[in-house]
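Work out the full structure: start from the sequences and follow the hints.
Residue numbers (full-length UniProt numbering), protein chains in the order written: chain A, 1 to 583; chain B, 1 to 256; chain C, 1 to 125; chain D, 1 to 118.
Since the hints were derived computationally from the structure, they do not count as laboratory data.
Be careful, since some hints might not be right.
Only pairs whose alpha carbons sit at most 30 Å apart, straight line, appear in this in silico DSS-like list of lysine-lysine [said to hold, decoys possible]:
1) A:K152 / B:K135
2) B:K104 / A:K452
3) A:K444 / B:K25
4) A:K339 / B:K104
5) A:K206 / B:K25
6) B:K104 / A:K206
7) A:K125 / A:K87
8) B:K25 / B:K35
9) D:K3 / B:K25
10) B:K135 / A:K156
11) B:K27 / A:K444
12) B:K25 / A:K432
13) B:K27 / A:K452
14) A:K303 / B:K104
15) B:K27 / D:K3
16) B:K25 / A:K452
17) A:K225 / A:K479
18) B:K135 / A:K25
Here are some, though not all, of the chain B residues that point toward chain A, as calculated from beta-carbon distances under 7 Å [as the list claims (entries may be wrong)]:
19) W41
20) W63
21) Q67
22) T70
23) H77
24) I79
25) K96
26) F141
27) S155
28) E156
A quick note: this is a predicted structure, and the numbers were derived from the prediction, not measured.
Ideal placement from N, C-alpha and C gives every residue a C-beta, glycine not left out.
As a plain string of letters, each chain reads:
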Amino acid sequence: MQHRYDVLVIGAGGAGLMAALYAAKGNVSVACISKLYPTRSHTGAAQGGIGAALGNVAEDHWEWHMFDTVKGGDYLTDQDAAEVFAKDIIDAVYELEHMGLPFSRTPEGRIAQRKFGGHTREFGKAAVERSCYAKDRTGHMILQTLYQQNVKEGTKFFNEFHVTDLLIEDGRCRGVVAYELSTGEIHTFHAKAVILAAGGYGRIFKITSNALTLTGDLMSIYYRKGLPLEDMEFYQFHPTGLAKLGILVTEGIRGEGGILRNDSGERFMERYAPTIKDLAPRDIVSRSIISEIREGRGVGRDKDAVNIDLTHLPREVIEGKLAEITDLARTYLGMDPVKDLVPVQPTAHYAMGGIPTDLNGLCLSDGNGGSIEGLYAAGEQACVSLHGANRLGTNSLGDLVVFGRRAGIYAAQYARQVEFPDLPDDPQSGTKDMFDGLRNGSGKENPALIRKEMQESMMNNVGIFRNGPDMERQVEILKELKSRYQNVNVGDPSLRYNSELIEVMELGFMLDCAEAMTASALNRTESRGAHDRADYHTRDDINWLKHTMAYKDLDRPGNVLIGYKDVALKGFTRAFEPKARVY
Amino acid sequence: MTQTQHELTGIPAAAQQGLAMMHIKVKILRFDPEKDRKAHWETYTMDAQAGDRVLDVINEVKWYHDQSLTFRRSCMHGICGSDAMLINGRNRLACKTLVRDVVKDGGTITVEPIRGLKVEKDLLVDMEPFFDSYKAIMPYFINESPAPAAERIQSEEEAERMAQSSNCILCACCTTSCPIFWVNGSYLGPASIVQAHRFIFDSRDQATQQRLNIMNQNTGVWRCRTAYNCTEACPRDIPITQLIEEVKRAVMYQQS
Amino acid sequence: MIRARTFIDAKQQSHSNAELNWWIFMRISGLILVFLVLGHIYMTFIQVSESDATFTAVVGKLANPAWKFYDWLILALALMHGTNGARYSIEDYIRTRPNRAWVKGVFYTVVALVFAFGTIGLFSI
Amino acid sequence: MYKGREGQWAFLLHRLSGIAILAYLLIHVFSIGSFIFGERFYMAIHETYDWPIFRIGLVFITAGVVYHAFNGLRIIVMDFTGAGVAYQRQMWYAVMALTVISGLYAAWTLLPRLLGGY
Ligand SMILES: Cc1cc2nc3c(=O)[nH]c(=O)nc-3n(C[C@H](O)[C@H](O)[C@H](O)COP(=O)(O)OP(=O)(O)OC[C@H]3O[C@@H](n4cnc5c(N)ncnc54)[C@H](O)[C@@H]3O)c2cc1C
Ligand code: HEM
Ligand code: SF4
Ligand code: F3S
Ligand code: FES
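In structure tokens form, the structure reads like this:
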């Protein structure tokens with residue numbers, strides 16, 4: 001079946017919904033394709049808040065926010081993006097409020113704000129209340145509110161449609177191909193402009209806060225076309241996931257005063273970040289926790305976790321502002337944060353890297369300014385690069401609304417100016433070939449085992465602490481897994497609701513993301529932000545103050561080509577010199 | 001109904017908190033529209049850890065035994081609302097239900113699709129009617145007066161008024177546990193009423209009147225017979241029946 | 001205002017307070033019926049022991065206009081209350097419009113006949 | 001069967017008892033009213049009520065009325081007071097206790113009739 005829309009949005013998380021809303025305001029026909037019902041998107045899992053310098057609780061300025069973002073990203077952040085972001089987000093948050101988002105309030109009735117890791121006043125002097133929140137379910141409220149607004153605007157949704165291919169020819173995007181879960185039918189969507197907002201790929205790791213559906217589909221599809229993925233080596237491990245489960249314990253818990261303690265009850269963050277202690281950025285806290293564990297000061301049966309201590313906080317705070325996480329601890333661990341210490345360990349959380357874009361969301365085809373006409377990206381799956389080498393908490397939700405909005409506006413603007421491009425001759429051939437390939441292998445390999453091996457090996461070899469030999473081994477492991485994947489068994493022959501075919505396809509996408517990540521990480525011989533190498537333990541601004549662009553080598557499968565892109569070291573009005581990053 | 005038994009062996013259960021291992025049976029109501037005319041039970045025997053989620057167990061069946069088993073899931077921690085199922089006779093989210101809470105060592109977990117919506121395949125049902133009734137209550141903020149430059153002011157108490165209703169994840173556990181909804185899908189259902197409550201009691205919203213009109217119908221709040229199944233099923237602990245009663249009273253006071 | 005196509009029924013009734021009024025009526029009539037019905041049972045079961053429902057006993061009691069009114073009130077309220085209650089069930093369990101229409105038709109006719117019969121009976125003594 | 005708790009059974013019993021009472025009322029009006037056709041006809045109808053099934057039925061109807069009446073009050077309390085919802089379970093157990101007691105009482109007073117004739 002064939003459909004035709006001026007603007008197509010892929011993904012219905014925060015970024016996709018925001019893009020769809022703003023594209024629709026541009027007087028073009030818009031449709032949103034999502035493999036999940038929109039309210040199931042993982043934006044709903046975000047807890048802590050959305051950072052904006054509103055100054056409702058304490059004095060704050062966008063310049064401070066910009067500085068924190070750049071410093072938090074270990075100076076790999078593009079400063080023009082950071083400046084646009086820090087200014088725009090203030091309006092964007094008010095706009096969310098005008099859409100009805102039920103923010104928590106200050107006693108004066110304004111949007112409530114709290115402290116969050118890495119957010120400071122006066123360029124690093126002390127922690128500041130910048131995170132606007134709706135209890136500890138900010139993402140849930142954003143997702144619901146944006147979906148509600150789309151219902152209001154009458155946005156056309158194609159739910160449970162899995163995008164399987166992007167139609168790009170001669171540097172111009174012409175539409176997408178999608179597989180409809182309920183019928184097994186393949187649809188061609190013809191479009192003037194396409195906005196990608198399909199979220200992250202945390203499921204390549206064993207312990208992750210990400211949903212089972214976050215499998216990097218669109219990144220991989222982009223990458224398979226020989227187009228670059230930027231900064232894939234930078235993957236954030238959130239310091240506090242519930243032990244063994246990986247379910248996120250929001251940073252807001254530390255913002256409200258929660259304290260990390262090791263086996264002897266010591267507040268160990270005092271040693272690693274004397275100024276802001278438990279509120280240090282995530283990469284630093286994660287590494288500190290892992291160091292404690294490695295040095296034998298962990299808690300739990302396997303001594304592979306540390307405790308988070310809330311017991312000194314008033315019960316109203318724990319059950320009110322932190323209701324969500326209290327519920328999670330009670331449900332999954334049978335522990336009550338009011339009186340028990342909760343064991344946590346770092347969990348794979350957020351992809352700083354992804355599809356490279358410019359400030360308007362336009363997708364880049366190389367590191368020298370080339371782009372794909374009519375193709376935009378936003379959200380976790382895109383890399384503007386706002387987050388550089390390490391994302392600050394609350395900046396992702398901000399990224400979704402600021403750059404989701406921009407992508408929507410510019411895509412609509414573009415679509416108004418151009419005619420529909422021609423579709424390629426046989427638009428569905430790529431998808432059909434992929435499905436035939438999956439179904440026609442020898443069928444010996446169980447996809448679940450391949451996935452499990454990938455997740456475990458990625459966790460061990462390309463996790464929080466990295467080194468050359470481990471990653472070299474991982475390159476080989478991935479090659480082997482990929483060749484086994486050629487013979488994967490799709491155990492469900494049916495046409496309708498074939499969830500197995502989807503899972504197998506997603507596994508293929510994840511293997512590509514893992515491949516790009518491992519190659520990029522192996523290539524970067526320094527430690528910066530979330531990328532920490534035992535064999536190159538310092539930051540090297542002379543050689544490495546640049547973005548990695550990883551290309552799939554289309555001629556030699558399994559091989560990755562690496563290019564680079566400059567870092568924007570200046571914003572439009574402000575610029576921050578790279579400095580050592582201490583807190 | 002036909003019954004089939006399967007033995008799953010040698011497969012490691014999803015590792016969790018190091019709680020005791022249990023030997024359990026999982027009995028799943030299967031239905032394949034391309035093969036079956038009627039649903040049938042299949043039973044799988046396996047080892048699981050006490051702290052495993054029921055969703056881990058179902059995943060185990062799918063990944064290592066029968067790949068055709070079909071159900072929805074995503075977040076794995078009770079926030080996305082995908083995996084409402086009828087587990088041991090009650091509606092729950094499979095990812096928020098621990099094995100040890102529903103079964104003893106050697107016992108059986110039964111898993112069926114939620115009721116009142118058409119079963120498409122195995123545990124997956126057609127959610128369209130559910131979202132149709134969601135859309136019928138105008139589930140969006142309406143305030144036509146020009147927005148101020150900053151936020152609209154709202155007191156802490158007024159914000160707290162929405163704390164429960166806005167917590168809903170649209171999982172349908174409630175609506176599909178309601179005895180009225182089972183027999184008649186024209187009832188908007190508790191989930192939609194909770195959503196309406198979210199806006200009716202938002203001090204900033206201006207469409208209270210219209211929403212109360214929608215609620216003031218045969219298909220709205222008056223259809224609720226206070227059976228409390230919804231309240232008991234809600235994984236987000238929303239006191240749904242209480243909210244429905246508040247809406248009933250709001251309609252009454254507004255009309256009188 | 002109502003977008004979803006599955007709610008044609010709802011749309012037609014969206015500007016009427018009928019359901020609200022019935023809802024209130026069920027509660028008020030229920031409150032009154034508690035006294036009337038329990039009183040009735042109390043008197044027939046407990047005060048008048050055993051052989052109560054004989055012809056003469058009934059006719060004798062109903063000769064008193066106060067009892068006439070008392071019984072008629074029970075009759076009227078209980079029938080209205082019960083009929084509306086039964087309508088709830090009909091609307092829940094009978095889903096197609098035509099079926100619902102004829103079941104309701106037959107049911108209301110029976111109730112009306114019984115009500116007329118009971119009223120005539122009461123006042124013909 | 002869905003494993004609902006008190007509320008579900010309260011609803012189900014309320015509906016069943018309501019319909020049963022209505023059915024009883026319709027028959028009751030007809031049979032009492034039938035005296036206008038004369039004593040013979042009236043007594044003829046009432047003799048059929050001597051069948052054990054009707055007598056046992058009477059016990060259930062009594063219990064049903066008591067249940068419906070008090071559960072009706074429970075519903076009214078829930079509908080019109082904010083706190084009613086919180087105590088619905090306790091209230092239902094009270095309703096059930098009253099129902100069982102009145103059912104037993106009815107059975108006891110009706111016992112002679114149940115055992116045979118007037
Ligand atoms: C547990 C948790 C807590 C977090 N807390 C915070 C926080 O407090 N503050 C903060 O700023 N950030 C937080 N984050 C990060 C932030 O929530 C995410 O980065 C962000 O929500 C991603 O949004 P998105 O719109 O890009 O993607 P998602 O919300 O993940 O949505 C992806 C969408 O793409 C669709 N999709 C995917 N693949 C396909 C395909 N092949 N075809 C069609 N559709 C597809 C999906 O259906 C979905 O609708 C948190 C993240 C997690 C996991
Ligand atoms: C004795 C005092 C009575 C009280 C306090 C009472 C109360 C109520 C109430 C409050 C309801 C509404 C239930 C709801 O909306 O969930 C109701 C329903 C009903 N009543 Fe009564 N009632 C009484 C007597 C009767 C009698 C005598 C009859 C029969 C003639 C009857 C038949 C019904 C029926 C059929 C329903 C509908 C049940 C349903 O759909 O859930 N009631 N009653
Ligand atoms: S009210 Fe509760 S049970 Fe109902 S849809 Fe919302 S979260 Fe699910
Ligand atoms: S189960 Fe149904 S009847 Fe009312 S209280 Fe809940 S909606
Ligand atoms: S998988 Fe998301 S709620 Fe269960």
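Each hint, compared with the structure:
| no. | hint | in the structure |
| --- | --- | --- |
| 1 | A:K152 / B:K135 | holds, 9 Å |
| 2 | B:K104 / A:K452 | holds, 28 Å |
| 3 | A:K444 / B:K25 | holds, 28 Å |
| 4 | A:K339 / B:K104 | holds, 28 Å |
| 5 | A:K206 / B:K25 | holds, 27 Å |
| 6 | B:K104 / A:K206 | holds, 29 Å |
| 7 | A:K125 / A:K87 | holds, 21 Å |
| 8 | B:K25 / B:K35 | holds, 25 Å |
| 9 | D:K3 / B:K25 | holds, 20 Å |
| 10 | B:K135 / A:K156 | holds, 13 Å |
| 11 | B:K27 / A:K444 | holds, 28 Å |
| 12 | B:K25 / A:K432 | violated, 39 Å |
| 13 | B:K27 / A:K452 | holds, 25 Å |
| 14 | A:K303 / B:K104 | holds, 29 Å |
| 15 | B:K27 / D:K3 | holds, 17 Å |
| 16 | B:K25 / A:K452 | holds, 24 Å |
| 17 | A:K225 / A:K479 | holds, 19 Å |
| 18 | B:K135 / A:K25 | holds, 21 Å |
| 19 | W41 | violated, 19 Å |
| 20 | W63 | holds, 3 Å |
| 21 | Q67 | holds, 3 Å |
| 22 | T70 | holds, 5 Å |
| 23 | H77 | holds, 5 Å |
| 24 | I79 | holds, 5 Å |
| 25 | K96 | holds, 6 Å |
| 26 | F141 | holds, 2 Å |
| 27 | S155 | holds, 5 Å |
| 28 | E156 | holds, 5 Å |
Of the numbered hints stated above, those contradicted by the structure are hints 12 and 19, listed in ascending order.
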